[in-house]
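Residue numbers (the working numbering), protein chains in the order written: chain A, 3 to 595; chain B, 3 to 595.
There could be a bad hint or two in this list.
Identical copies look the same in the list; a pair holds intra-copy or inter-copy alike.
Stated by the list, open to error - In silico EDC-like cross-links for lysine to aspartate or glutamate, where the CA-CA straight-line distance does not exceed 20 Å:
1) K4 <-> D141
2) K91 <-> E584
3) K37 <-> D562
4) K157 <-> D421
No lab work stands behind these hints: they were computed from the structure.
These are the residues of each chain, in order.
There are 2 protein chains.
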Amino acid sequence: MKIDQLFNPRSIAVIGASQNLDSINGQPIAHLKAKGYAGQLYPVNPRYDEVAGYRCYPDIDSLPEAPDVAVIAVAAKRVPEAVRALGEKGSPFAVILSSGFAEAGEEGRAAQREVSETARRYGMQILGPNCQGYMNIADGIHVGFGAPYAMSFPKGGVSLTSQSGAFGNSILMLASEEGLGFRRYLSTGNESVTTTLDLFEALIDDSETKVIAGYVEGFQDAHRLVDIGTRALRAGKPIVIWKVGTSEAGAKAAASHTANLGGAMALYRAAFKQVGIVEANDVGDLADCAKALLPGRLPKGNRLAVVTISGGAGIAMADRAADVGLALPELTPQTVMALKEALPDFAAVANPLDVTAALLSDAQLLKVTLQRLADDPNVNMIALALAAASGALAAELAREVVRISEQYQIPILVAWNADERANAEAYQILDDARIPRYGSPVRCARGAGALWEYARAKQRLDLDEDKQPLRINQPEAQVLLTGRQHDLTEFESKRLLAQYGIPVTRERLATTREEAQALAAEIGLPVAMKIQSSQIPHKTEAGGVRIGIPDTETVGEVFDEIMHNATRYAPEALLDGVLVQEMRKRPAITLCE
Amino acid sequence: MKIDQLFNPRSIAVIGASQNLDSINGQPIAHLKAKGYAGQLYPVNPRYDEVAGYRCYPDIDSLPEAPDVAVIAVAAKRVPEAVRALGEKGSPFAVILSSGFAEAGEEGRAAQREVSETARRYGMQILGPNCQGYMNIADGIHVGFGAPYAMSFPKGGVSLTSQSGAFGNSILMLASEEGLGFRRYLSTGNESVTTTLDLFEALIDDSETKVIAGYVEGFQDAHRLVDIGTRALRAGKPIVIWKVGTSEAGAKAAASHTANLGGAMALYRAAFKQVGIVEANDVGDLADCAKALLPGRLPKGNRLAVVTISGGAGIAMADRAADVGLALPELTPQTVMALKEALPDFAAVANPLDVTAALLSDAQLLKVTLQRLADDPNVNMIALALAAASGALAAELAREVVRISEQYQIPILVAWNADERANAEAYQILDDARIPRYGSPVRCARGAGALWEYARAKQRLDLDEDKQPLRINQPEAQVLLTGRQHDLTEFESKRLLAQYGIPVTRERLATTREEAQALAAEIGLPVAMKIQSSQIPHKTEAGGVRIGIPDTETVGEVFDEIMHNATRYAPEALLDGVLVQEMRKRPAITLCE
């Protein structure tokens, strides 16, 4: 995909352009004009001679050239014809803002199929339908509708895709407030042709994109996830994904929103883990992870040294670090000795290391501390929490952090929550040197966790580079995933997980009453029993789930009952059988130590 | 405790006041003066005649009256004598800013004991030592040192305590930015006399405190937690606690920071759950929970209706709602029918309910939607996500929300992330009506979860009010907890958990080699083995933990080895024996459905 042409188009046509510049089909021209778009702008609408001062063309055929990008904002039923005309003319990219396609019933699905087929015939890439547009944030070219298209965002190395237009806008706005800088933004809507993974693939090759972020409801082409993830990992482009639809209610909603498959979250997670895709669970979390990954400096291991001027922050960071898989190593005796000599008596020399507020009157203490920790072979990363420190010494503290960061290869992350204005100089020094900076110590620890999640996958890849990498499209996975129209069943999902060495519950599929009884005895009672059919994703609703079955006699009765319920619930469904499953006996809580 | 006298003192003395108004012992007077404190201010220091324009007294004895509050900012070794003199004079409250006590070795511990004994003798309440002060935010009386004492904070119904001064300041600043309003703030330091729970107890009786929040490293007087929590629950004062030290590294750091007991997190959680204390895990999370709880309107059940103008937000909210124990019920056929009639054809009438952006041009749609949902017997709470909606209609949308909220008893929470300035009018309308408002849909769902967590405990209490409520100081718990000087061992903790029906690992305590072997055979191999002694909280460090022991012969050898290691590590320690424990075999991941 020649994605540069999409982001820096010489010409943009707006099919169905309106003279009402507040309307959905008026906004694209209004926003481009307001931002001083330097290329050719072609409104297309037979009702007007001009729109916003630009000559308006009656139809696509009469345009003086094939536009690099065509924005389509006409009624759904007229969209397929517009795509055909653009293909005929030779346009490589169309952005379909119109809704009323796969998200809106059978008629819409048919229209969307027609769009896909036409676009493929002409080799066109399509954003949408049912999307809000896209932005080249670096150059201020915003093509779409909605309030954010009239705004400016901080520039930076993050390129973002979103399957929800409105929600993508929210992410862009909130993450900007969190201090994240952006390069590209694409709302992908129904993904009739061009998918999130297509765009990821293109963004891997964009040298100025340092981190790829995506809001994802589901991947239509999930079988490509590990391949593209591996490519990104090899290219050193971290991917952060906020995958929603992880709960049953969420997955159900996702299915109706952009017609994406829900479920199979465990499969996604297995793939994410394999290729170092970091999974975020909110806007702020996505920003925290992206911030840590942007500078491209990776830790060699998971051992974090925590430095604070307040014991409380250290404890909170230690807790979160443990949650995200980091270790707080003991410092070496040499480090401890050197720090005890350099720091005030009342400093707690351990990890977390509480330098105390004495640091705020002597920047030299910070220098010595960071040097010793960077030299300590037990330490792979440093997280520094400066609380609300501000004032005269703040800029000097920031400069010390930058100096150590330049001198050593070790990643340093900073938590600092002085007021933005009161501490602007110090913050600018850190930002200029690309030192990740967080308002909350807890979120700083999360950033360090994301860094290690990614670094670990990268290390594994580098080690395995000569061998055949693990692929989700191995024989069995291919059989399971190719050309599927339905979700994987629980049994299928777990078979796949087991292939990748991820432990799963002990269970077997029974197709007869007697088989169920024999299996239950073998697995050990009590057992759970669940209907298995790819056409019955909501097993409970179907009366297809029973847990805590205490003896083999009841197992037999339950088998008959579940099969009966399933047949009544979905008479047409193909039933694989009933899964007989070990019951989890472990506590849901874990004791400290 | 006459806490009103602490927050509205007629007179404040600063013992050890400095003419350097930037220093720790100069700041209290500087901040009080700058904020126009109207009572009497008495600097005490034999070196000066005046400080910042106030007459300075040479010693406590020569003060013209017993000050309502005395701030003590002299060297640690002089603190006990100052407390004695204040007690003699008749001061009810002292705030000790000095450090160098229990957090700083044996000498400090002795000094702290002397402070406690003296204060108890005179019936004085003490904040600290090793604290930063406290604030009456409602009336602008800030008594302490650090940048936040010079600032102003939004006023509101939250009273906050913090065991870490610096970190407490950070919470105050960050949570204010999150839109939370405060009434009281207290940094409690080492809690030599007055504990977090003492303050909670006093705040329950403060009619203007609507929500009590606390940053806690550990409770010295944990046995009072359930009693005080029950009192708060009965009084309708929700408590939100951010308890740190939940990880091993965090607990270790907590022990050295303010000399609090770590560990026993599972016990704390059992107590929290029983009395509806909401556990937060970061500043933002604490703010999210407090926001939801402030208006005092509680749901009757856990069934949440989600309304959005964008499918994405609905999915994300559904996911988070599921995480925090909420259900998204089906709407009744009557509701569905009425909404299908009222809403545009392309709206997705389900739960989550996607009203689509059509809402933004017709506030009537919001009115109908909220009315129908409020009338639906399946719905206990409504979460409304308005994305980045702003402009002309925004204020009208906000007014509709307020009208429905006035008309019905159902809690409504709003996620809305339009720019603060662009949408100031609408936000003000919601804030004035005390409708909880969030920037992120995910965090809005978390708020709803906190509301239900609290409401459920309150329902249970109301039901049980006539019966004897469950108490953590039941016979066995009392035996375990009364007058303890040490942490509970793992074995003891689990016995207590089991009493409350919380499932724990299968395990038994062995006191001889042979007993260990017999138990291992009974429990099933492989087993884990761990030294049990209340004087050895860090078992691994002591060489007292071995896991994955495959056969009974090795079990015998390991028993001897662990006992030997423990004796060498802590020759004085009383050893309970070795815990023989089932190994967890279950997967750490959970499949979706």
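(Q) I want to check one pair: K157 and D421. Are their C-alpha atoms no more than 20 Å apart within a copy, between two copies, both, or neither? (A) Classified as between; 18 Å across copies, 22 Å inside a copy.
Intra- versus inter-subunit Cα pairing at 20 Å for K4 with D141
This pair counts as within: shortest intra-copy Cα distance 17 Å, inter-copy 63 Å.
query: When no copy is specified for K37 and D562, does a C-alpha distance of 20 Å or less occur within a copy, between copies, both, or neither?
result: neither (66 Å within a copy, 77 Å between copies)
For this session: At 20 Å max between alpha carbons, let me know whether K91 reaches E584 within a copy, between copies, both or neither.
Result: So K91 and E584 fail the 20 Å test inside a copy (61 Å) and across (71 Å) alike.
Violation of the numbered hints given earlier is confined to hints 2 and 3; the remaining hints are satisfied by the structure.
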